[in-house]
Each structure stands twice: as C-alpha cells, then as structure tokens.
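Engineer: Each chain is listed here by its residues.
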Amino acid sequence: MLKTEINELLTQTGPGTPMGELFRQYWIPALLAEELPENDSPPVRVKLLSERMLAFRDSEGRYGLIDEFCAHRGASLWFGRNEEGGLRCAYHGWKYDVTGQAVEVPSEPENSNFCAHVKLRSYPLVKIGDVLWTHMGAPDERPPLPEFEFAQVEPEQTYISKRWQESNWLQAFEGGIDSSHVSWLHSGGLKSDPLFKGAKGNEYNMNDLRPFFEVADAEGGLFVGARRNAEEDSYYWRITPWVMPSFTLVPPRGDHPVHGHWWIPIDDHNCWAYSFDYHPTRPLTETEVAAMRAGHGVHSENIPGTYRPVANKDNDYLMDREAQRRGEYFSGVKGIAIQDSSLQESMGPIVDRSKERLVSADAGIIKARQKLRKAALALQKDGTVPPGVDPAHHRVRSAAVVLPRDAAFIESSQDALTAEPGKPHASV
Amino acid sequence: MVPILQNSCARATSLEEARYRIDIPIEGRRGARVVALDDGAATLVRRLAREPWNAARFYTLPAQEPGEPGTWLHRTSGSSTPLADELAEGDVVVMIATRNDASAAAVETLGRAAAERGIMTAAVALGRQEGMTNAVRALRPYARVLLVNGEESDVAELLTAIRS
Ligand code: FES
Ligand SMILES: [Fe+2]
Numbered sequence: 003m004l005k006t007e008i009n010e011l012l013t014q015t016g017p018g019t020p021m022g023e024l025f026r027q028y029w030i031p032a033l034l035a036e037e038l039p040e041n042d043s044p045p046v047r048v049k050l051l052s053e054r055m056l057a058f059r060d061s062e063g064r065y066g067l068i069d070e071f072c073a074h075r076g077a078s079l080w081f082g083r084n085e086e087g088g089l090r091c092a093y094h095g096w097k098y099d100v101t102g103q104a105v106e107v108p109s110e111p112e113n114s115n116f117c118a119h120v121k122l123r124s125y126p127l128v129k130i131g132d133v134l135w136t137h138m139g140a141p142d143e144r145p146p147l148p149e150f151e152f153a154q155v156e157p158e159q160t161y162i163s164k165r166w167q168e169s170n171w172l173q174a175f176e177g178g179i180d181s182s183h184v185s186w187l188h189s190g191g192l193k194s195d196p197l198f199k200g201a202k203g204n205e206y207n208m209n210d211l212r213p214f215f216e217v218a219d220a221e222g223g224l225f226v227g228a229r230r231n232a233e234e235d236s237y238y239w240r241i242t243p244w245v246m247p248s249f250t251l252v253p254p255r256g257d258h259p260v261h262g263h264w265w266i267p268i269d270d271h272n273c274w275a276y277s278f279d280y281h282p283t284r285p286l287t288e289t290e291v292a293a294m295r296a297g298h299g300v301h302s303e304n305i306p307g308t309y310r311p312v313a314n315k316d317n318d319y320l321m322d323r324e325a326q327r328r329g330e331y332f333s334g335v336k337g338i339a340i341q342d343s344s345l346q347e348s349m350g351p352i353v354d355r356s357k358e359r360l361v362s363a364d365a366g367i368i369k370a371r372q373k374l375r376k377a378a379l380a381l382q383k384d385g386t387v388p389p390g391v392d393p394a395h396h397r398v399r400s401a402a403v404v405l406p407r408d409a410a411f412i413e414s415s416q417d418a419l420t421a422e423p424g425k426p427h428a429s430v
Numbered sequence: 114m115v116p117i118l119q120n121s122c123a124r125a126t127s128l129e130e131a132r133y134r135i136d137i138p139i140e141g142r143r144g145a146r147v148v149a150l151d152d153g154a155a156t157l158v159r160r161l162a163r164e165p166w167n168a169a170r171f172y173t174l175p176a177q178e179p180g181e182p183g184t185w186l187h188r189t190s191g192s193s194t195p196l197a198d199e200l201a202e203g204d205v206v207v208m209i210a211t212r213n214d215a216s217a218a219a220v221e222t223l224g225r226a227a228a229e230r231g232i233m234t235a236a237v238a239l240g241r242q243e244g245m246t247n248a249v250r251a252l253r254p255y256a257r258v259l260l261v262n263g264e265e266s267d268v269a270e271l272l273t274a275i276r277s
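Protein sequence lines correspond, in order, to chains D and P.
Sequential numbering of the first sequence, starting at 3, is according to my numbering.
Sequential numbering of the second sequence, starting at 114, is according to my numbering.
Please keep in mind that the hints were generated in silico from the structure rather than gathered at the bench.
One or more of the hints may lead you astray.
What the hints assert, rightly or not - With the Cβ distance kept under 10 Å, some of the chain P side facing chain D (calculated, not the full set):
#, residue
1, S127
2, A131
3, E270
4, I275
Said to hold, decoys possible - Computed Cβ-Cβ distance ranges for the label pairs, DEER-style:
#, chain 1, residue 1, chain 2, residue 2, range
5, P, S266, D, E158, 41 to 49 Å
6, D, R327, P, P165, 42 to 50 Å
7, D, R123, P, T156, 46 to 54 Å
8, P, Y133, D, G95, 44 to 52 Å
9, P, D152, D, D354, 24 to 32 Å
10, P, A269, D, T308, 24 to 32 Å
11, P, S127, D, V312, 40 to 48 Å
12, P, T246, D, T6, 37 to 45 Å
What the hints assert, rightly or not - From chain P, some residues computed to sit far from chain D (all C-beta separations above 12 Å):
#, residue
13, R159
14, R163
15, S193
16, T194
17, D214
None of the values given here were measured: they were computed from a predicted structure.
Glycine is no exception: its CB is placed at the ideal position from the N, C-alpha and C atoms.
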C-alpha cells in the first residue's frame, strides 16, 4: 500500500514535479538510433517526461532534440524540411539548427539580427551504442555520459528494441524488479523460448517454486537476489540489479545473451519499454538476432513502421485460451514482453496503489519506491545528486550463480556483479 | 471475437473506466509480529510500537527466561508471553537485527515456529553488510525475505506497505 500523495509523487514526471526533476538529472534514452538512420532523414516526434519535442539529424550528421513547435506561430516542425544544415518550418519558412537556434527568418531583411534572439528550447542528443540519449536537466549540471555495458560493447554483441506501453512508467518498472512473477507469468517461456531454454539454471528455477528473497542496497540503486535450492549444499541465486531511476538487468541463463530494460516516461499515462540483449564476450549469433527481431525473449513484434506491439489492448493482446489451457502460456498471452504489458496495462493508466495488498515478498518494490521518494525529496530540498547519476553506478551486471549455502550473495558475487570489458558473465 | 460492451475488452483500462473499479474499504493485516533481536533493535521496536498500527504487535527478547531462546517474548509494555500464544493468530514474523551478535538461537526458534505454522518470515538487518555477516548468516535460512544493509526507516516502510 502507498498513500495517494506518494503515489502521485512517484508517478508524475512532467516539468516541475519532484519525480520529473529527478528524471531530468540523468542521461536517458530518447529514441533509437535507427529512427534517424542518415543525415537529413525525416524528423521524429518525441514526447518525454510530458514534453513534446522533435529529434532530427542535420546534413552534417549532428543530432538535436528541440521543441516540437515553431517559435513563430506554433506550427509543428514535424512537417518541416530537414535540409542544408537545419530544419525549416513548412509554414513560413523559419529555419532552426540542432540547438534550436533560429538561423533564418525569411520575412526579415537579409542583414537583420532578429533571428539571433529566437531560440527554441533544446536538449543534447548523443549516440552511444544503438541509442540516442538526452539529458533534460540544467546544462550546467550535465553529468558525464552514461556507461552502461549494453551500449558500450561492440555493435555485433548487442541488440535493442523498444515498445510503447500504455501505462505509467512506475508500474512497468516495478515489473522489472518483481522476481516473484517470473515462475508464474513467464513459466511457459523457460521451456520453449529460444532465448531462454536449455540453461542448467532453468531446472533449479522449476524445481523450487518458492524462492527466498534478499534485497541489498547498492550505491546506484539495489540488488535483488532470489535464492532457490540447487544441490544439497548450495543455493542457486538470481541477482537483478536496479540502477536509478529505471534501468534493470535480468539475470542471465547459460550462455544466452543478457537481457535488460530501461523504462522511460512519455507522459504520466504512457512509457517506452526499451528492451535489450547483449553478450559481454561474443557477437550475437544470426539465429539469436533473428529470434529477437521476431519478438522472442524480452522483445516484441511491433506493427510495421511503428513501435506499438501487434498484440495490444485494442485486440485483447491476442489472448489464446487454448494455449492457456495447454500450459503453453500461463496467461494465454504469447511472449514475455506482452505478458508483462498486458497485465501492467490492465492495472489502469496509473494504478491506484492505495488499494494494494502487498506482501513481504514485495520487499524489492517497497524498497525501490522508498529510494525513489527519498532521492526526489532530497533533490528538491537541497539539490542532492541522486544515486545512478555517476557513471560508476552504471557498470553493473546481473548474475545467475550457484553458491555454497553459507555464502552471502553480495560479497561472494561482487566480481560477478561488476561490469568489465571482456570479462565473461557469471551464468548457469 | 468482437467485444459487445466496452468493459468486455482490455480497452476498458482507461482512466475513465478506472473510476468504476469497485471501491470497498480494505481490511488491514491482523497478524504482523515484529521481534527485535538485540538491544539496538529493541530501541527501534519500542519507538515503532508507539505509532498507530492496524494490529501489529512488537516484542523484544527477554534477558532470561526458561527454555530455548525465543520461546518467550517480551511485550513492549514489559510483560512476558509465550511465543506460541503470540503466533496463534500471526501471519508474518518480522525479525530485526542491528548487531552482528544477534541471537542465532532465537532466530532459529522463531523461524522454525513460524515455518511449522505456515507463517511468513521476513527480516531486516540494519547497518553495513560487512559488519553484519554473522547476523545475516543466522537470518538467511529462516527469513524468506531478507533486507540487508537496511536503514531504520525500512522497518516502518515495510510494515506500512503490508498494512500491518
Ligand atoms: S497476482 Fe499479483 S497482481 Fe494478481
Ligand atoms: Fe516480466
């Protein structure tokens, strides 16, 4: 249960809100690099943290994220022409560069300095890996660029997709640290999904359906450990890191690539679920990439030309009662991503947390909400830089390990939980 | 399959439709039993006991009582009470440790008693993990949910979230 005021505090991310200001402390994914594939490619409408913007890539390959609406009379610049080093409004021809600076106002005399005083609000847009990242906070508080391993390995070792989720970011993110749903909702996938099946760990997973949970504070967020019996004298641990505000990694399975997510608020009722897979030491195989493109693993099959899943709330997520009966999909919905989105969207745009009945197994979620609230309030009160801003906090890994029964997961897996180029991941 | 009424399909999860969710008062939890395992935890538990709770009960471990450690509990009001009586209506036991020498024997008694009765167990170990390895090791087999390197506020936060 959460008081209504706190629920509002955590779910509202527009400009000026405490949680909105918290998100504006971080570099966050704004869009995929594939959305701006070449110089002068068509501009893309981007809504983030309840602000409407336009992303474009100019003739010299510079990226920019600017106010969507023209300073002149407010027409959407999405209709504009992206050419010769800037974006020209289709209405009266005002032209802007990637920083939002007006560079030409055709109605003014040629030598006028009028346009020097016209600048649209803009944010930086930086390509790291296959993602274009932005920082929407004050320019003088801009932190160093992010150092998440999935975006730093060689291009052939990583794959990322995104999907539009019709719910508030927090209920989507909470799914990422809610280890207790995996043995239920996603149970079908452990046996059949090409990006999961075959790992030794899956047996431990299925043989012990009542895991013990351990939640440990970390500098950048949390580590949530789920412990199951392995052999007589050992435990099987699955360890999920969370880096604030909304980055999580799924514990790996065998030699499969590691999956993870970023949940980014579009507005208070919608979010982007970025889903990636990477392998720290080898290129992804063609079969793996084909499976990811087809929507297996944590990815989704999207309506071509969009980032909306084919299975969505307008078609009841293509619910298949027969498959549910056969046990192929526990919920009757196909695919991990849509299994999650269907249930999280079913909770309503912003779930009313004053009506929940949490249990102690939800401790990871309880602790994460507390950390978010504390960080947002400390930022508001005295400008305290929140956990997860420092790139050192980004260098984490998930792990799936078998440890002796008396070993503590954090200490015994310190090395496994730290990302380092070329180091194999700890996975059974 | 064509849905006939709006609320016969997933599209009914709009903000508009969310208003029609059946609204009845939610009963709080009746069986939270919070046990301090050492002196530091006892101070915290005594403070928490003064706050308004639904039905949570708070205990410390008596210094000297007959039988195995943990078979008797001390109410924050001062009187002693047998563990078995206190667990009769329990649904979760929350153990709190602030020191590395928290009684492993008491943890075992509490943990076993809860397990026999099908009562959930949780524990919060306060303070840096390095200094709490023994306490964590004692708690791990018996706490189905364990918060390590926790802060004091975690305890109240956990109890509130689960409607204690
Ligand atoms: S069982 Fe968890 S939301 Fe229904
Ligand atoms: Fe999930």
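Engineer: How does the Cβ-Cβ distance of R327 of chain D and P165 of chain P compare with 42 to 50 Å: does it lie in that range?
Structural biologist: holds, 47 Å
Engineer: So, E270 of chain P near chain D? Judge it on the closest CB pair being under 10 Å.
Structural biologist: holds, 5 Å
Engineer: Starting from the range 44 to 52 Å, see whether the pair Y133 of chain P and G95 of chain D falls in it by beta-carbon distance.
Structural biologist: For Y133 of chain P and G95 of chain D the Cβ distance comes to about 50 Å; the hint holds.
Engineer: So the hint says 24 to 32 Å: do the beta-carbon atoms of D152 of chain P and D354 of chain D match that?
Structural biologist: violated, 41 Å
Engineer: Would the hint on I275 of chain P stand, with a C-beta cut-off of 10 Å toward chain D?
Structural biologist: Since chain D brings a Cβ to about 5 Å from I275 of chain P, closer than 10 Å, the hint holds.
Engineer: Would you say the C-beta atoms of R123 of chain D and T156 of chain P sit inside 46 to 54 Å of each other?
Structural biologist: holds, 52 Å
Engineer: Given a hint of 41 to 49 Å, does the C-beta separation of S266 of chain P and E158 of chain D actually sit inside it?
Structural biologist: Holds: the Cβ-Cβ distance is about 46 Å, inside 41 to 49 Å.
Engineer: Any Cβ of chain D at or closer than 12 Å to T194 of chain P, or is the non-interface label fine?
Structural biologist: The claim stands: T194 of chain P keeps its Cβ more than 12 Å from every Cβ of chain D (closest is about 23 Å).
Engineer: Evaluate the given range 40 to 48 Å for the C-beta pair formed by S127 of chain P and V312 of chain D.
Structural biologist: 21 Å Cβ-Cβ, so the 40 to 48 Å window is violated.
Engineer: Hint validation: A131 of chain P versus chain D, beta carbon distance must be below 10 Å. Holds or violated?
Structural biologist: holds, 4 Å
Engineer: Does the no-contact call for R159 of chain P survive, Cβ to all of chain D over 12 Å?
Structural biologist: holds, 22 Å
Engineer: Take the C-beta atom of T246 of chain P and the C-beta atom of T6 of chain D, compute their distance, and say whether it sits inside 37 to 45 Å.
Structural biologist: At 40 Å between Cβs, range holds.
Of the numbered hints listed earlier, those contradicted by the structure are 9, 10, 11.
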